Amino acid sequence: MSTDVTVETLGGERMKLNMGPHHPATHGVLRLMVETDGEIVAKAVPDHGFLHRSIEKIGECVEWPMFVPYTDRIDYVCAMNANLAYCVAVEKLLNTDPATAVQVPLRAECIRIIVAELNRISSHLVAVGAMSMDLGAYTPFLHGIAQRETVNDIFEKLCGQRLTYNFVTIGGVAFDLHKGAEAEITAFLDAFEKEMIRFNKLITANTIFRDRCAGVAAISAADAVAYGLVGPNLRGSGVDWDIRRDEPYGIYDRLAVRVPVGQGFAGRNGRVGDCYDRFVVRLLEINESVRLVREALKMLPAPVEKKTDATGGYQADVAKQLRKPPKGEVRVRTEAPRGEMGYVIVSDGSKTPYRVRCRTGSFTACSIFQKLMRGIFMADIVTVIGSFDIVVPEIDR
Amino acid sequence: MEFGPAVNTIATWISGPDPSWWAVGIGLVAVWVIPVLAIVFPVAAVGQIIERKVAAAMQRRHGPNTVGMDGILRLVVRLAFFFLPRAAQDRIQARITALPGVGWTLGLLQRSGLGQLAADGVKMIGKEDIVPAGTDGLVFRAAPYLALVGAFLPFAAIPFAQNLVALEVPVGALYVVAASGFTVVGLLMAGWGSGNKFSLLGGMRAVAQVVSYEIPVGLAIAGVVLWCGTMDLHQIVAHQYNGQWYSFLGWNIFQSPFLALLACLLFFAGLAECQRTPFDMAEAESELVSGFNTEYSGLRWGMFAMAEYSEMILVGALVSTLFLGGYQSPIGEPWIMSLPGWLETIIHAGILLVKFTLGVVLMVWIRWTLPRFRVDQVMRLCWLTLVPLCLLSLFGLALTMLLGGLAGGVHTGPAYGRIPGMQHINLDALGWLVTWVVPVGFAAVLVAVARRRHGQMHPALKQLTGGA
Chain L
165 MSTDVTVETL
175 GGERMKLNMG
185 PHHPATHGVL
195 RLMVETDGEI
205 VAKAVPDHGF
215 LHRSIEKIGE
225 CVEWPMFVPY
235 TDRIDYVCAM
245 NANLAYCVAV
255 EKLLNTDPAT
265 AVQVPLRAEC
275 IRIIVAELNR
285 ISSHLVAVGA
295 MSMDLGAYTP
305 FLHGIAQRET
315 VNDIFEKLCG
325 QRLTYNFVTI
335 GGVAFDLHKG
345 AEAEITAFLD
355 AFEKEMIRFN
365 KLITANTIFR
375 DRCAGVAAIS
385 AADAVAYGLV
395 GPNLRGSGVD
405 WDIRRDEPYG
415 IYDRLAVRVP
425 VGQGFAGRNG
435 RVGDCYDRFV
445 VRLLEINESV
455 RLVREALKML
465 PAPVEKKTDA
475 TGGYQADVAK
485 QLRKPPKGEV
495 RVRTEAPRGE
505 MGYVIVSDGS
515 KTPYRVRCRT
525 GSFTACSIFQ
535 KLMRGIFMAD
545 IVTVIGSFDI
555 VVPEIDR
Chain R
334 MEFGPAVNTI
344 ATWISGPDPS
354 WWAVGIGLVA
364 VWVIPVLAIV
374 FPVAAVGQII
384 ERKVAAAMQR
394 RHGPNTVGMD
404 GILRLVVRLA
414 FFFLPRAAQD
424 RIQARITALP
434 GVGWTLGLLQ
444 RSGLGQLAAD
454 GVKMIGKEDI
464 VPAGTDGLVF
474 RAAPYLALVG
484 AFLPFAAIPF
494 AQNLVALEVP
504 VGALYVVAAS
514 GFTVVGLLMA
524 GWGSGNKFSL
534 LGGMRAVAQV
544 VSYEIPVGLA
554 IAGVVLWCGT
564 MDLHQIVAHQ
574 YNGQWYSFLG
584 WNIFQSPFLA
594 LLACLLFFAG
604 LAECQRTPFD
614 MAEAESELVS
624 GFNTEYSGLR
634 WGMFAMAEYS
644 EMILVGALVS
654 TLFLGGYQSP
664 IGEPWIMSLP
674 GWLETIIHAG
684 ILLVKFTLGV
694 VLMVWIRWTL
704 PRFRVDQVMR
714 LCWLTLVPLC
724 LLSLFGLALT
734 MLLGGLAGGV
744 HTGPAYGRIP
754 GMQHINLDAL
764 GWLVTWVVPV
774 GFAAVLVAVA
784 RRRHGQMHPA
794 LKQLTGGA
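Quick mapping for you: the protein sequence lines, in order, are chains L and R.
Numbers given in our numbering equal positions in the first sequence, counted from 1, plus 164.
Numbers given in our numbering equal positions in the second sequence, counted from 1, plus 333.
Because the hints were derived from the structure by calculation, they are not lab data.
Careful, some of the hints might be misleading.
As a list, the in silico DSS-like pairs of lysine-lysine whose alpha-carbon atoms are at most 25 Å apart [what the hints assert, rightly or not]:
#, chain 1, residue 1, chain 2, residue 2
1, R, Lys530, L, Lys207
2, L, Lys515, L, Lys221
3, L, Lys515, L, Lys484
4, L, Lys535, R, Lys530
5, L, Lys471, L, Lys488
6, L, Lys365, R, Lys795
7, L, Lys484, L, Lys471
8, L, Lys321, L, Lys470
9, R, Lys530, L, Lys180
10, L, Lys180, L, Lys207
11, L, Lys484, L, Lys256
12, L, Lys358, R, Lys795
13, L, Lys462, L, Lys321
14, L, Lys535, L, Lys207
15, L, Lys462, L, Lys358
Far from chain R, by Cβ distances over 12 Å, these chain L residues were calculated [unchecked claim]:
#, residue
16, Phe214
17, Leu215
18, Glu224
19, Pro233
20, Thr264
21, Ala265
22, Cys323
23, Gln325
24, Asp340
25, Ala347
26, Met463
27, Gln479
28, Lys484
29, Arg487
30, Arg497
31, Arg519
Quick caveat, the model's predicted, so the values are computed rather than measured.
Glycine is no exception: its CB is placed at the ideal position from the N, C-alpha and C atoms.
Please work from the sequences and hints to get the whole structure.
Structure below.
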């Protein structure tokens with residue numbers, strides 16, 4: 165990204181300040197070049213690229229299924245959703261030709277919903293926890309992380325990993341649910357709902373917190389669409405759009421997803437699309453995800469011996485199709501916790517992709533930083549970054 | 334200027350019945366340093382452990398529970414048996430740990446985190462004192478000392494016991510406020526001298542905030558001065574004694590709702606004075622990366638930490654002295670006064686210690702519960718909320734005293750012939766009405782109206798917080 169802060173453009177008494185790349189509030193290695201007039205921010209320009217790992221180029225060099233572990237690294241806070249997006253895209257590519265069509269077993273689809281929504285919960289917990297920590301409240305962060313650890317425990321039993329799962333595969337999932345997983349997940353959800361009420365009493369309903377976020381960096385619905393915001397950042401501005409409901413993939417069309425949107429939750433000082441709306445929308449989405457996991461658990465068919473079974477299996481056999489996939493280009497959009505995670509996949513019929521292009525939510529969120537971070541307080545910079553739930557590897561890839 | 338009796342005793346003991354100025358000086362320093370070294374300093378050091386343990390309890394983790402006692406024992410053994418070979422030293426250490434009770438005690442101390450305290454102290458002293466390039470050398474180096482001086486000076490006028498007060502100045506309350514103002518110079522110097530923009534912002538924030546919050550602190554103290562008719566902290570303490578076994582009812586905080594309000598205001602303004610969350614604008618870890626002390630390391634950083642905890646103690650001690658009976662026990666004084674002098678001093682100092690430690694724990698609790706204000710909100714809170722509330726309380730207090738006088742001595746304030754000391758306040762029905770029922774009822778109505786008008790929560794938030 166080009167940066168136009170130079171010595172020449174610095175006028176008068178302004179102070180140039182580098183926030184990051186190792187600043188505690190920039191959530192990783194994002195750098196903001198800030199010009200301040202005392203406490204007021206005159207200009208802030210994000211500077212990325214510190215974490216670029218050429219993942220899209222790697223996609224052109226590895227075979228179709230071998231790219232799945234790399235998707236973990238695109239967004240390690242919600243690796244299940246990142247796996248899922250790529251796998252849905254490849255399945256769509258295979259389905260363009262009846263000869264290579266793949267039928268994902270229903271049980272696998274349910275498991276995908278369960279893990280994706282659980283991971284959405286744990287990802288949003290990081291988002292709201294880190295934002296409250298940016299605003300000086302450390303305790304809610306650790307309470308959120310404690311819940312995320314429980315989700316990680318479940319995932320560890322499921323696939324042996326706590327962060328980068330490599331669990332969702334092309335044609336299904338890598339492993340069936342372990343014994344007693346349903347009861348474990350239900351028990352977690354029951355405890356979790358009570359825990360979230362305590363969390364919300366501690367931080368969400370806190371007057372200081374609300375006043376810190378209310379009316380800060382409000383984005384109009386038109387601006388949110390124009391700048392390409394996605395996910396909770398878009399819905400925070402009151403735009404009623406969710407891929408899970410409006411362009412469903414997997415079996416989301418059977419689940420009736422309810423989509424919370426920002427309504428100026430902060431009350432008197434709040435505006436639709438301010439930092440508080442984005443924060444609260446995430447919390448409402450957590451509740452919705454809890455419901456979706458319960459629904460998916462109800463729909464879960466009984467397991468059968470044969471793993472490729474269309475109902476009770478968990479992994480369709482795709483090895484042959486992936487050696488010779490159909491030629492062509494597919495686009496898929498999925499709803500990850502940080503918004504739409506889209507894939508454009510071009511295939512030349514060989515066993516490696518011709519091009520894998522990934523579109524993520526954090527990158528576009530950075531585009532509106534320059535517009536928002538003008539005339540706000542220094543302290544609001546961290547509020548804004550926190551409210552957008554930036555995950556830097558997702559920006560740079 | 335008058336000095337406490339203990340100062341005079343020491344001075345007389347050193348240089349005869351008409352002590353010379355240097356003997357008085359020695360006595361003054363001794364009486365100031367003893368409580369500071371024996372009470373404030375250890376509590377300020379333990380404060381960090383209190384902080385970490387309370388935070389851990391709130392966050393459902395263990396806190397410091399591993400480092401410490403083992404290493405300290407090892408150090409002691411190494412020093413005591415330095416002439417033996419290493420292996421023999423290790424065997425001695427193993428024998429000591431295996432003694433009945435010793436291992437258990439060490440384990441308890443370890444889990445309590447107290448070993449961490451010693452380990453941290455040694456670490457801090459052992460660390461390199463880094464003075465980064467680009468700092469303003471002298472200013473950078475001197476800043477921690479000034480902060481520490483500002484934190485410790487006010488304790489000279491705080492009465493820890495009947496005799497344990499270094500400066501018995503007639504304007505003690507004023508002196509405390511003035512002396513604690515020193516700290517901000519240290520913070521500003523640290524912010525400027527560090528040669529770091531984040532530190533500079535932190536230093537500037539500290540100055541703006543501390544200077545502003547001295548107004549409500551001063552006004553709150555003025556309320557007590559108005560009520561007690563003296564600025565002498567010792568006499569303010571004596572004034573709060575009602576001579577009964579339930580002597581806590583004589584404390585200023587129970588005398589009038591306005592005094593109770595002033596006590597809260599003083600506590601919160603004091604919280605802002607010592608830069609604690611929710612007022613930790615100057616440090617603001619997630620914004621300014623520790624602000625004014627970003628560039629400090631080792632012992633200099635430790636001095637800032639000590640200054641912070643000492644200031645917390647000062648706020649606790651000041652609120653206790655002005656509103657909570659100071660060093661007096663809540664259950665009458667005769668049982669203490671009948672003891673020998675040295676025991677009386679220890680018990681009184683211990684009572685004050687308990688009182689201000691409770692204040693410190695409350696501050697820690699607040700810190701780990703609340704998020705941080707923004708700069709403009711802090712200023713708005715000070716000038717548009719705390720200062721008007723202080724003025725309102727002062728007005729209400731004056732009105733109460735006036736009405737009390739008119740009603741025939743409902744209140745036995747100094748203006749109506751009450752010498753600081755031992756009188757029990759009897760409130761008749763009218764007195765209760767005037768003093769408590771009317772102001773509290775009025776405030777309750779105001780709060781209810783304000784809640785009805787502004788406290789409407791969005792339905793989605795009600796659902797998130799569990800209905801209600």
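Right, here's what the structure says about each hint:
For a cut-off of 25 Å, the pair hint linking Lys530(R) to Lys207(L) stands: about 16 Å separates their Cα positions. Distance hint between Lys515(L) and Lys221(L) is fulfilled; the C-alpha atoms sit about 15 Å from each other, no more than 25 Å. For the given pair, Lys515(L) sits about 10 Å from Lys484(L) by alpha-carbon distance, which is consistent with the 25 Å threshold. Taking the CA atoms of Lys535(L) and Lys530(R), the gap is about 24 Å. The hint holds against a cut of 25 Å.
Our distance criterion of 25 Å between C-alpha atoms is met by Lys471(L) and Lys488(L), whose separation comes to about 23 Å. Using a Cα cut-off of 25 Å, the hinted pair Lys365(L) and Lys795(R) holds, with the two alpha carbons roughly 10 Å apart. For the hint linking Lys484(L) to Lys471(L), the alpha-carbon distance of about 16 Å falls within 25 Å, and the restraint holds. Between Lys321(L) and Lys470(L) the alpha-carbon distance is near 22 Å, which keeps this suggested pair within the 25 Å criterion.
Of the supplied pair hints, the one linking Lys530(R) and Lys180(L) holds, its CA atoms being roughly 9 Å apart against a limit of 25 Å. A hinted pair counts as satisfied when its Cα atoms are at most 25 Å apart, and Lys180(L) with Lys207(L) qualifies at roughly 9 Å. With a C-alpha separation of about 16 Å, the suggested pairing of Lys484(L) with Lys256(L) holds against the 25 Å cut-off. Pair hint Lys358(L) plus Lys795(R) holds up; C-alpha atoms about 14 Å apart against a cutoff of 25 Å.
Our distance criterion of 25 Å between C-alpha atoms is met by Lys462(L) and Lys321(L), whose separation comes to about 21 Å. Of the pairs offered as hints, the one joining Lys535(L) and Lys207(L) holds, with about 9 Å between alpha carbons and a cut-off of 25 Å not exceeded. Distance check on the hinted pair: Lys462(L) and Lys358(L) sit about 21 Å apart at the alpha-carbon level, within 25 Å; holds. The claim that Phe214(L) is not at the interface with chain R holds, since no C-beta of that chain comes within 12 Å of its own (minimum 18 Å).
For Leu215(L), the requirement that its beta carbon stay farther than 12 Å from each beta carbon of chain R is met, with the minimum near 20 Å. The claim that Glu224(L) lies off the interface holds: its Cβ sits roughly 39 Å from the closest Cβ of chain R, which is beyond the 12 Å cut-off. In this structure Pro233(L) is separated from chain R by more than 12 Å, as the shortest Cβ-Cβ distance comes to about 32 Å. Annotated as non-interface, Thr264(L) keeps its C-beta farther than 12 Å from every C-beta of chain R; the closest such distance is 46 Å.
Every C-beta of chain R lies more than 12 Å from that of Ala265(L), the closest at about 43 Å, which supports listing it as non-interface. Residue-level check passed: Cys323(L) sits 27 Å from the nearest beta carbon of chain R, beyond 12 Å. Residue placement check: Gln325(L) keeps its beta carbon more than 12 Å from all beta carbons of chain R (closest about 24 Å). For Asp340(L), the requirement that its beta carbon stay farther than 12 Å from each beta carbon of chain R is met, with the minimum near 33 Å.
Non-interface call for Ala347(L) relative to chain R: holds, since the shortest CB-CB distance, roughly 24 Å, exceeds 12 Å. Separation of Met463(L) from chain R is adequate, the least Cβ-Cβ distance of about 25 Å exceeding the 12 Å criterion. Every C-beta of chain R lies more than 12 Å from that of Gln479(L), the closest at about 38 Å, which supports listing it as non-interface. For Lys484(L), the shortest C-beta to C-beta distance to chain R comes to about 49 Å, beyond the 12 Å cut-off, and the non-interface label holds.
Distance to chain R confirms Arg487(L) as a non-interface residue, since its nearest Cβ pair spans about 50 Å, more than 12 Å. Every beta carbon of chain R lies more than 12 Å from that of Arg497(L), the smallest distance being close to 27 Å; the non-interface claim holds. Every Cβ of chain R is farther than 12 Å from the Cβ of Arg519(L); the closest lies at roughly 39 Å, confirming the non-interface assignment.
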